[in-house]
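Taken in order, these protein sequences are the chains called A and B.
So for the first sequence, my numbering puts the first residue at 15; every next one is plus one.
So for the second sequence, my numbering puts the first residue at 58; every next one is plus one.
Hints were generated in silico from the structure; no laboratory data involved.
Mixed in with the good hints there might be a few duds.
Think about it this way: if two alpha-carbon atoms lie no more than 35 Å apart in a straight line, the pair counts; the simulated DSBU-like pairs of lysine-lysine are [stated by the list, open to error]:
id, chain 1, residue 1, chain 2, residue 2
1, B, K189, A, K23
2, B, K301, A, K164
3, B, K301, A, K136
4, A, K145, A, K23
5, A, K145, B, K301
6, A, K216, B, K301
7, A, K296, B, K189
As the structure is a computational prediction, the values presented were derived from the model and not from experiment.
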Amino acid sequence: MPEPLLQVKDLTVTFPSTSGDVRAVRGVDYRVDEGEFLGIVGESGSGKSVSSLAVMGLLPTSARIEGDLRFRGQSLLGMTDRELSALRGDQISMIFQDPLSALTPVYTVGQQIEEALHLHHKGLRADSAHKRAVELLELVGIPGAERRLKAFPHEFSGGMRQRAMIAIAMANDPSLIIADEPTTALDVTIQAQVLEVLQTAKEVTGAAVVLITHDLGVVAGNVDRVAVMYAGKLVETSGVDEIFAAPHMPYTMGLLRSVPNMLTAGEQRLVPLEGRPPNLAKPLVGCPFAERCPAAVDRCRAEEPELEARFGDGRAVACHRAEEIAAGTLRPEDVFPRPEPEQREVAVREDAGPIVAAEGLVRHFPLYRGAVFRRVVGTVKAVDGVDFEVQPGQTLGLVGESGSGKSTTSLELMELVPPQSGSLVVAGKDVSTLDKKSRLALRKDVQIVFQDPMAAVDPRLPVGEIICEPLTVHKVPRQERDRRIGEMLELVGLEPEMADRYPHEFSGGQRQRIGIARALITEPKVLVLDEPVSALDVSVQAGVINLLEDLRDRLGLSYLFVAHDLAIVREIADTIAVMYLGRIVEYGPVAEVYEKARHPYTRALMSAVPVPDPVTERSRRRILLTGDQPSPTEDIPGCNFASRCPLLPLLDEERRGRCHGEDPTPVRHGASRVACHHVDSIDRLDTVDAAPQPSVTP
Amino acid sequence: MTTYILRRFVNYAILTAFATVFVYIAASLFFYPRKRYLGRNPPIPESTQDAILSGYGINDKDPVLLRAWWWFERIITEPFPEKLGQDLTGNWVIQEMGTRAGVSLRLLVLGSLIAAVLGVVLGVWGAVRQYKASDQIVSYASFVLISTPTFVGGVVLMILATELNNLLGFQAIRFTGSYTPGFTGWEKWWDYGVHLLLPTIALALFGAAGYSRYQRSIMLDVLGSDYIRTARAKGATRSRALVKHGVRVALIPMSTYFAYNFGTLVSGSAFLEIVFSWRGMGQYGIQAVQQSDVNALAGTVCFTAILLLISSTLSEVLYAALDPRVRV
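In isolation and in its complexed conformation, chain A is listed as follows (with noise of 0.2 Å):
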């Protein structure tokens, strides 16, 4: 076997800290060899991160680090700072996740990328690093490079700054380029932008990529091979079609199982993987997984597996009882078998009529200029008048990109405002129509779950104080209030004994159902989730997904589901509506849209999100959006996604003139409406190789 280009051995990291040491990383071996592509999974807190971090020698100094680390040979723990700050953006570089304080707010794009230069190359004249950087930004695909150069991050949109991350961690032409969730916090399209750019730099530099990320998806379409960490430490390695198609650790099959899949969603429930991974500050005893584990055996219990290589094949598995999964015993399904769908029985009249009915609506902010005298200069068209039903006992998804709207419009629903213009009919009540009382009345029948379900739930308050919180306010007596709580605990599946505990005792999953029993104990008729599920990790996102379509079911809830995750909203919504700029462009059943999207947007956003499943992926067709959603303050004529319509550069020149300068609404097309003029042509966008090309923003 030749050298590798990095030997991690034996890695540990540990954190000092006053309630014990934590073990973060706890003896890590992999390595990567030249060029190759490996994606390292694991959920928050697994260390994936921190392993990472520590090859950089980017760990606070408080950590300590034990282990051998080689880069071509070379022990990067004995280095001093100098020594590796030699290293570090010439041979290694890495991607952050967050790219909004990534970079330093206070230099232009230009200047930092050519820092990336000069600090490597001492002689380096100032003329020759300026050509060098608008020719990296022009690889990651900003048009303009020469005029963006002087750009500052702040007036970048985020996938811009993380195009310019890639520019600078490829500026020296490294040969190890370390991607930590590069992707996370953006939109699918970008994220799709964005791999794609980070594909052309590991062409481009020829670089070995290790890709960190809690997205199996992610993975499966990018990665040559597959490392699963879980608490710490490896569980198993192998080839990324290998993986995917039989994974031998317990925790794979969990996770794998767990993943909603974009294609075949909304057919059969989600796996849940319940529970959540041990506490590394406290010794831990036998395989860290058997907790969460169905197939733990006593052995499990008592004794840590290693990761070895059993089946020379190049797949490393840490199980004991790998060897009966690898015999085809102890199948996938066996493991985690999928839960029994629950009959669905919508025992709603079907006279009843919609319970929430939006029509024409609008929500416009002004923006305001001068501090003296403050004056209009524009108007950010949030929501742009949208037409949308929700059934009774059904799922409304609302889904598009950061800005599309989509928030705005479920908070007016919340607000039960009159609203600025068209109307909006909550529980057969006109909501211009409402007095003061009568709207406090309505408040019970809508209700909200919110994205984060820390920054949710006060963490000074007890869980219980916390679910009856929305009953004092109703004025409800408190002997009643303390039943409820009981109640909703045992409903949303916790125990009703947990009502006296804080919320920082829950893990992300659980919090989140003490803030679905919040919403719930006012028995609403209506629940808008905000993206209820997107700061979850993967495995508890299943639970809590389960948790809620039952709910639906069995208390006749109807949910206004707002998210970007197309797979979950495929999953549990009955009806979808697309957003984009303030305007939903698709409305239709669930089942007709996915099967036959009619809108270039829906077919673009559909494809970019990636799918679990590394065969499907390599094969797939991918339309990719080019550039950002423009801003909802500019005046756009005609339609206002032409500026990255996939379709339009297909069409004849007289089609094209009547989407520049006429606004399309939407038309009603099968079971669906698209506010598109072209749905006739939709098709092309299957025959023509739409091949990923950089962005173009005018």
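Assemble the complex: chain A is given as a structure, and chain B must be docked to it using the hints.
Below, chain B alone, put in the same frame as chain A:
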């Protein structure tokens, strides 16, 4: 950007005018300058008292608002040195301010510049070496200084200087007043410098103590930022990343603090001026309060307000220069 700063300047100017008039009214309401002339032996006849007080425009028999109007009117109509009227010793307030402002500013500008630089350096140093011995020492020293009254610090410095002079056997450090009369040429400038030494040290130390705490906490926030990590991932050494990316960003909130602090220093350094017997603006203000001298006090406040006006505008300019996000 220029129009923005100009507009802010005009706003501040209006504010300055209001503040000064308001102080004039407040002082007129609560001061009782007539008491200077009461209980004298032989008694001063009331008509004479009235004549003197009316001469200054501060006769309590006239309505307060009328007096304020006269005062304001004088600013607009009278020739330059008489604009702010006379103080109770009969000097034109503006003339008095002219000589005293020079004295004060000499001390303030130098002292606060040193304080700022020292404060930033100590603050950054402390943040980078958080909880290490050096950081602890700087922290304790700062808190001791912050909790020491200025005049105590001044007196301690004077005692130390006297000890040194005794030890050397001649007046190495002269610290009474702002200069020794009788010198000419370069000796005069040397003398100015020697007199500046102690009060500047006092001002710089007390200022630096405060600044360093503030700078340290900002720097601690910045230290954990992602962009510092990015800079190091690019290949910048820890110290380079900290200075070039960290300090540069941590200076932004400090600029506002510096500028405003400078504006309020005049009143803050009044005790220092008294301890070192400097005839500066701070001392003038205290004296004005002690003697119920309405015009002198209004003059001092006007001076402080103008300093504040200049420093606020300066802080806007500095902020815009340091932070591209606020440039429009």
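We went through each hint and held it up to the structure:
Taking the CA atoms of K189/B and K23/A, the gap is about 33 Å. The hint holds against a cut of 35 Å. Note on K301/B and K164/A: the hinted pairing holds, with a Cα-Cα distance of about 19 Å set against a maximum of 35 Å. Restraint check: the Cα-Cα separation between K301/B and K136/A comes to about 17 Å, which is no more than 35 Å; the hinted pair holds. For the hint pairing K145/A with K23/A, the CA-to-CA distance comes to about 40 Å; that exceeds 35 Å, so the pair is violated.
For the proposed pair K145/A and K301/B, the alpha carbon gap of about 23 Å is at most 35 Å, so the pair holds. Of the supplied pair hints, the one linking K216/A and K301/B holds, its CA atoms being roughly 30 Å apart against a limit of 35 Å. Restraint check for K296/A and K189/B: satisfied, since their Cα atoms lie roughly 28 Å apart, inside the 35 Å limit.
Hint 4 from the list above is the single one not met by this structure.
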